[in-house]
Structures are given as structure tokens and as C-alpha cells.
Amino acid sequence: MAKAIGLSVALFALWLALSGFFKPFLLLLGVLSCALTLYLAFRMKLLDDEAVPIQLRLTLLLYWGWLGGEIFKSAVAVSKVILARDMPLHQQLIAVPAPQKTDMGHVIFANSITLTPGTVTVETRPGIFLIHALTEEASAMSGFAEMGRRVAEIETR
Amino acid sequence: MDPTLDLVVDIASGISFAIGGIFLLIGALGMIRLPDVWARIHAAGIIDTIGAELIVFGMILQAGLSQASIKLVLIGLFLFVTSPTATHAVANASFTAGLRPLDLRKNQASDVLGEESKP
Chain A
74 MAKAIGLSVA LFALWLALSG FFKPFLLLLG VLSCALTLYL AFRMKLLDDE
124 AVPIQLRLTL LLYWGWLGGE IFKSAVAVSK VILARDMPLH QQLIAVPAPQ
174 KTDMGHVIFA NSITLTPGTV TVETRPGIFL IHALTEEASA MSGFAEMGRR
224 VAEIETR
Chain B
1110 MDPTLDLVVD IASGISFAIG GIFLLIGALG MIRLPDVWAR IHAAGIIDTI
1160 GAELIVFGMI LQAGLSQASI KLVLIGLFLF VTSPTATHAV ANASFTAGLR
1210 PLDLRKNQAS DVLGEESKP
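Protein chains in written order, with this note's numbering: chain A, 74 to 230; chain B, 1110 to 1228.
Be aware that a few hints might be false.
Stated by the list, open to error - Take a look, some chain A residues computed to stay more than 10 Å from chain B by CB distance:
#1 LEU102
#2 TYR112
#3 VAL195
As the list claims (entries may be wrong) - Derived lysine to aspartate or glutamate pairs resembling EDC-like cross-links, with alpha carbons at most 20 Å apart:
#4 LYS1215(B) with GLU210(A)
#5 LYS146(A) with GLU209(A)
#6 LYS174(A) with ASP122(A)
#7 LYS76(A) with GLU123(A)
#8 LYS76(A) with ASP121(A)
#9 LYS118(A) with GLU209(A)
#10 LYS153(A) with GLU143(A)
#11 LYS153(A) with ASP1157(B)
#12 LYS153(A) with GLU219(A)
#13 LYS146(A) with GLU219(A)
#14 LYS153(A) with ASP1145(B)
#15 LYS1180(B) with ASP1157(B)
#16 LYS1215(B) with GLU209(A)
#17 LYS146(A) with ASP1157(B)
#18 LYS118(A) with GLU219(A)
As the list claims (entries may be wrong) - Beta-carbon label-pair distances, calculated as ranges:
#19 ALA108(A) with PHE1187(B): 21 to 27 Å
#20 ALA1177(B) with GLU210(A): 38 to 44 Å
#21 VAL1182(B) with ARG158(A): 22 to 28 Å
#22 SER1219(B) with ALA90(A): 14 to 20 Å
#23 ILE1141(B) with LEU133(A): 32 to 38 Å
#24 ALA150(A) with LEU1174(B): 32 to 38 Å
Hint data in this document are derived by calculation from the structure and do not stem from the laboratory.
If you're wondering where the values come from, they're calculated on a predicted model, not measured in any experiment.
Using N, Cα and C, we set each Cβ at its ideal position, and we do this for glycine too.
Please build the complete structure, drawing on both the sequences and the hints.
Structure, rendered in C-alpha cells:
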């Protein structure tokens, strides 16, 4: 039930943001299309943690801010490698443990690693990821442990 | 709007555009300079995370409090979620196809995948 309400609120907010019209007839069309989408999502059994991730903590927003800082730092590090005369690459494929309990937590962790320039998630297996790192600096295990801990904090209420 | 505030917003968005543009240029240079697909993925990563997001952020500052800026926020959010998915798809496809990074310093692929890790 909470999932259905969450999805309809999100859908209608998206509809308002994209349309920008507040005439009663158009609002009615928006409500009807949201209701139809909700019905279809219910029929397709899509109202789960994956499609409507309202089980995540709101500190997700703070985490995004922290992640933005990390992305900036590692973008600068990779830029230095690109601009350096001899390009000091130390390419490596490393195994990184993923301590999250849910699939959503794993997805957020893997996507965060990929978003950070210098590291890319190549393969995933339950509880462990294969990461490609461009440099020695990018492959520091403490950085992954810190990020994994922060994701584990936001994955469930 | 207050003219001083206008000026501050203009300067802030200018800085955002400038830094974003520099990162886009560096990313494009990296796409050419780096030796193989694995290293080039990271150059593309600079472009589609920090470069694109800073440009979108500058545009949000220019748009001010309007419907356009809400749409720009949505664009930024979708880029933030979809670009790592695309990057992962490329990396995973090249791994599955048997490509391995040049001059690999450390390889723990077998720790994760066991026998599957052989190219």
C-alpha cells in the first residue's frame, strides 16, 4: 500500500513538473494517466523495492552530496594522469567485498564505484565485485570500505 | 531580481561552465591519449559524470527558479543514474568478450569468478 501511494505521488509530481499547466481539465488527464500507470504497475507486480525504492533512508541525499565530492576528487586525479607526460597507468582488476544486504544496496554501491572516475565495476557476484582501477591511488581498499559502509547505512530504514 | 544577486549567479554559473568545459576537454583528450578500451572508459567517465553534471548545474543557475530548472534537475538525475549503467555495460561486455587491460599489474578476477575469469 505504501508502495502504491509512493509511486502515485512520484508519478504525479513528475507529471506536474513536466507539464507545468494547472488547468482543471489537464490536471484531470494527469490524474487519470497516473492512475492507469499505477494499475498497470500493480498488474505487472512492479510495486516492489526495486521499482519504488521508498525503503531507502532519506540520508541518501546526503550520501549523494558526499559522492559528488568524491567524484570531483577522483576526476581531478584521473585528469592529472591524462595530462601527465608519461601517463602513469597501473591498470588492475581487483576484488572488492560488497557488505550490503539488499540488491538495491548492491546496485547503489556498484553504480557509485562506476560513477567515480578511475574505477569501474566489471562483474558482480553476491557479496563481491570485480573492479577495474586505472591507477594505484584509485584502487585503495580504504576508499571502497568507506563507500561500502555509507551505502550499507542508507539501504534500509 | 536584485542586480548584485544576478551578477553573483552569473559568475557562479560561468565558473561552473568553465570547470565543466575543462573537464570535457580533458576527457576528450584522454579518449585519444589512453592506450586501450579499459583506460578510455575512465576518460569517458570524467565526461559523463563531472563534465556533464557541471554543465547542467550551470544551466540550472542560469534558468533560476522556473519549470526549466526542475527539468534540468531531472536531466541531471537521470544522467547520474543511467551513465554508470551504460559504462558498466561496456566494461562488462569487453570483459566477457575476452579483452584484458594492457600491462595488468594485479589481477584478482579468479577470486570473484573462479574458472569463468579465463578469457
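Results of checking the hints against the structure:
1. LEU102: holds (18 Å)
2. TYR112: holds (24 Å)
3. VAL195: violated (5 Å)
4. LYS1215(B) with GLU210(A): This hinted pair holds, its Cα atoms lying about 13 Å apart.
5. LYS146(A) with GLU209(A): holds (15 Å)
6. LYS174(A) with ASP122(A): holds (13 Å)
7. LYS76(A) with GLU123(A): Holds, at roughly 11 Å.
8. LYS76(A) with ASP121(A): Distance of about 7 Å is within 20 Å: holds.
9. LYS118(A) with GLU209(A): violated (45 Å)
10. LYS153(A) with GLU143(A): Between LYS153(A) and GLU143(A) the Cα gap is close to 16 Å, so the pair holds against 20 Å.
11. LYS153(A) with ASP1157(B): holds (17 Å)
12. LYS153(A) with GLU219(A): violated (24 Å)
13. LYS146(A) with GLU219(A): Roughly 15 Å between the alpha carbons, so the hint for LYS146(A) and GLU219(A) holds.
14. LYS153(A) with ASP1145(B): Measuring from Cα to Cα gives roughly 18 Å; hence the hint holds.
15. LYS1180(B) with ASP1157(B): holds (18 Å)
16. LYS1215(B) with GLU209(A): It holds: about 10 Å lies between the C-alpha atoms, which stays within 20 Å.
17. LYS146(A) with ASP1157(B): Judged against 20 Å, a Cα distance of about 15 Å means the pair holds.
18. LYS118(A) with GLU219(A): It is violated: about 35 Å lies between the C-alpha atoms, which goes past 20 Å.
19. ALA108(A) with PHE1187(B): 21 to 27 Å: holds (24 Å)
20. ALA1177(B) with GLU210(A): 38 to 44 Å: holds (39 Å)
21. VAL1182(B) with ARG158(A): 22 to 28 Å: violated (40 Å)
22. SER1219(B) with ALA90(A): 14 to 20 Å: For SER1219(B) and ALA90(A) the Cβ distance comes to about 48 Å; the hint is violated.
23. ILE1141(B) with LEU133(A): 32 to 38 Å: Between ILE1141(B) and LEU133(A), where Cβ atoms are some 37 Å apart, the hint holds.
24. ALA150(A) with LEU1174(B): 32 to 38 Å: The hinted range 32 to 38 Å holds for ALA150(A) and LEU1174(B), with Cβ atoms some 35 Å apart.
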